[in-house]
Amino acid sequence: MNGAPSPAPSDGESASTLAARVRATPMPWLWSFVGAALVGLATAAVFGFAIAGNVVETALVFAIFMVFVGLGQMLVITAGPGNIDLSMPSAIALSGVLGVQWMKGADGLIAAGIAVALAVGVLVGIANYLLIRALRIPPIIATLSSSFIIQSVAITQSRGMPPPPPALQAFATGRLLGVPNLTWIALALSVALALLLHRTVAGRSLSALGQNARAAWLAGVKVERVRAVTYVLSATIAAFTGLLLAAVSGGAALDMGVEYMLISVAVVVIGGTQVTGGKATVAGVWGASMFLYLTNAILNAVGAGAGVRSVVYGLLIIAVVVVAGGRPAR
Amino acid sequence: MNRTLDRARVRALLPALSLVAVLVPIFVLQPTTFSYFGIGLLLNLAVPLVLATLAQLAIITANDLDLSIGPFVSLVACIGATLLVHRPLVGVAALAGCVLLYAAVGALVEYRQIPSIVVTLGLSFVWNGLAVLLLPSPGGTSPAWIASAMGYQTPLVAAPIVWSTAIALGAHLLLMRSSTGVRLRGSGGNPRAMRRFGWSLVRAKATLYGVAALFGVLSGLCLLGLTTSADANLALRYTLLSIAAVILGGGEFVGGRVSVIGAVLGAITLTLAASFLAFLNVSPDWQVGMQGAILIVVLSLRVLLQRRGAPR
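Protein chains in written order, with this note's numbering: chain A, 1 to 330; chain B, 1001 to 1312.
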């Protein structure tokens, strides 16, 4: 996958100095926050502060799911060119369905349900990694095939689903110090991941792997182990998200993860994580999630339909990646 | 040496073998399908998928991946069901515009050295959004000429087989046998060498993306002719199915190594897989999962043959 390491002089080198400036910024995540703040201010200017405040508040609940899936996808994308996890939506569906089934609507069984959901995540991650390793195929096709199978398992398990236990629902929609509980969880996870990525050997190994797998291997990084852990972490985060989604929306649905497949990649890219791997930014995922959610909200507010919103999303993603540029991936 | 050759040959035959492995049980389980109309019905939906697969193949030849082909095919179907019926000239212009846009995206991907996965991901939002704008709820009608073209009964052999064969041979000749085709494949296989020979990589990628768009347009129109109405989410599955079909057909993700005929066989195999599972009385719950399993089995076979045949 990572043959010719020497970056050939690209035709795009002379393209724009803007790109160079963006890439040179020590804080690539800053841009997504600037974008989010601008959209927030625009909302306030058009609709007044009261409504803008409301929008930001709902963003703290609903954009959080984008943050979760984005964090998982960020880890995988950081593992290097070609790495991507397409099985996230199906992992979300399966863990949501199985977790809720095991809880049987009873508060006493919440712990069991959470354990089952997380176990689903770990298993999915291991399966993904084994497929990638054993079949020596690009992760995109490995996670795609596994997602087909996971989806089928989820379908067979989805009959006669009880509602989530009341205590779980109350927790998922509850607040602590005025901030939604889910936001706290996402914050805790983000801090943990940021520490892991930037302060531990494991995190540095992941970055090294993403920048140049061969060099990382020569430097003594246990490449395969890092890759395996990355996929397990991503799938586990997806599984956890599935359970939370089921809790917030009052029940698990088979298609509740579908929209997050594209969104998860979008927030990672817009957030400033290097698409070709090797450089992650946790804060960027937050900024990008807020940015996308607020953009969505303001488009909604001015009466733009689903079509316009989708087109704007797409153009945003393309614009960001074109400005940020890339390096020869292979 | 001889053994290596044999393994390589088995490997090359794998797409055909998987098709036989799906087709024979169908004929055994349901002998009535072994007829002009039976085969026609079984393969009815193969033609659009074959075309979408060739679109994906063009992109994979360029060492890229297209995550937007499904939404694009849906958009084409929506344009066909609305603009092409009421204002044919505008419809044709819109389709031509889409093709040019695709080619421009190809040029952009090469020029800025950005990952195609992310760009086409963004494009998929754009196509889907445009389709929703054009056709907010399922509906529209197929232009009469498309419907009659898709309903045309070929003599002796069922129409889908005739179309698929013609498409496969045509694309094979263009991509594998023409000098332009060799050049395009070279731009995916060894870009640096091609550049040093003085060929423009930007132009090569723009061409391949443009070709992909052409196949996408054909696929969308075929699909519209078969379903006679469109929907913005009509062909979303095609993104993943087309990638799977190219891989089933022996294509590699890197190095511009692809097989047109293999990919066409792969697309037909995937179309038949659904009927195959239905005839086996596999519950509908497991049909998606079995497609994933089939993919994994074929890929494992390929790895086995590769490993024994030519250790790296």
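Among the hints, a few may not be true.
[Stated by the list, open to error] Quick list of simulated restraints, FRET-style, between CB atoms:
(1) B:A1093 to A:N300: 28 to 36 Å
(2) B:P1136 to A:G160: 47 to 55 Å
(3) B:R1257 to A:A134: 18 to 26 Å
(4) B:V1090 to A:G251: 53 to 61 Å
(5) B:A1147 to A:N54: 49 to 57 Å
(6) A:L109 to B:A1278: 31 to 39 Å
(7) B:N1190 to A:I126: 51 to 59 Å
(8) A:A44 to B:T1141: 26 to 34 Å
(9) B:F1037 to A:V302: 48 to 56 Å
(10) A:G305 to B:R1177: 30 to 38 Å
(11) A:N54 to B:N1281: 21 to 29 Å
(12) B:A1149 to A:F49: 57 to 65 Å
(13) B:P1138 to A:T156: 52 to 60 Å
[Said to hold, decoys possible] Stretch by stretch, here's where chain A covers chain B in the computed footprint (C-beta under 8 Å, at least three residues):
(14) 1109 to 1120
(15) 1243 to 1249
(16) 1284 to 1298
Just so you know, these hints were derived from the structure itself, not from any lab.
Backbone N, C-alpha and C fix where the C-beta goes; we use that ideal spot for every residue, glycine too.
Report task. Indicate whether the distance between the beta carbons of F1037 (chain B) and V302 (chain A) respects the range 48 to 56 Å. Result -> 54 Å, holds
Requested in this report: Three residues minimum, CB to CB under 8 Å: does the segment 1109 to 1120 of chain B make the cut for coverage by chain A? Let me know.
Outcome: holds (count 9)
Query raised in the report: Regarding A1093 (chain B) and N300 (chain A), is the given constraint of 28 to 36 Å on their beta-carbon distance met?
Result: Distance hint for A1093 (chain B), N300 (chain A) holds at roughly 31 Å.
Query raised in the report: A44 (chain A) and T1141 (chain B), beta-carbon distance inside 26 to 34 Å?
Result: Since the Cβ atoms of A44 (chain A) and T1141 (chain B) sit about 46 Å apart, the hinted range of 26 to 34 Å is violated.
Query - chain A over the segment 1284 to 1298 of chain B, status - at least 3 residues with CB closer than 8 Å - result: holds (count 11)
Query - A1149 (chain B) versus F49 (chain A) beta-carbon gap, inside 57 to 65 Å or not - result: 59 Å, holds
Report task. May I ask you to test the hint 49 to 57 Å on the CB atoms belonging to A1147 (chain B) and N54 (chain A)? Result -> Given about 50 Å between the Cβ atoms, the range holds.
Requested in this report: Note whether the CB distance of N1190 (chain B) and I126 (chain A) lies within 51 to 59 Å or breaks it.
Outcome: 36 Å, violated
Report task. Mind checking the hinted window 52 to 60 Å against the Cβ distance between P1138 (chain B) and T156 (chain A)? Result -> 28 Å Cβ-Cβ, so the 52 to 60 Å window is violated.
Requested in this report: Kindly confirm whether 18 to 26 Å is satisfied by the beta carbon distance between R1257 (chain B) and A134 (chain A).
Outcome: Hint holds: Cβ distance 21 Å, inside 18 to 26 Å.
Requested in this report: Can you let me know if the beta-carbon spacing of V1090 (chain B) and G251 (chain A) is within 53 to 61 Å?
Outcome: Violated - the Cβ-Cβ distance for V1090 (chain B) and G251 (chain A), about 45 Å, lies outside 53 to 61 Å.
Query raised in the report: Holds or violated: 30 to 38 Å for the Cβ distance of G305 (chain A) and R1177 (chain B)?
Result: At 47 Å between Cβs, range violated.
Of the numbered hints listed earlier, those contradicted by the structure are 2, 4, 7, 8, 10, 11, 13.
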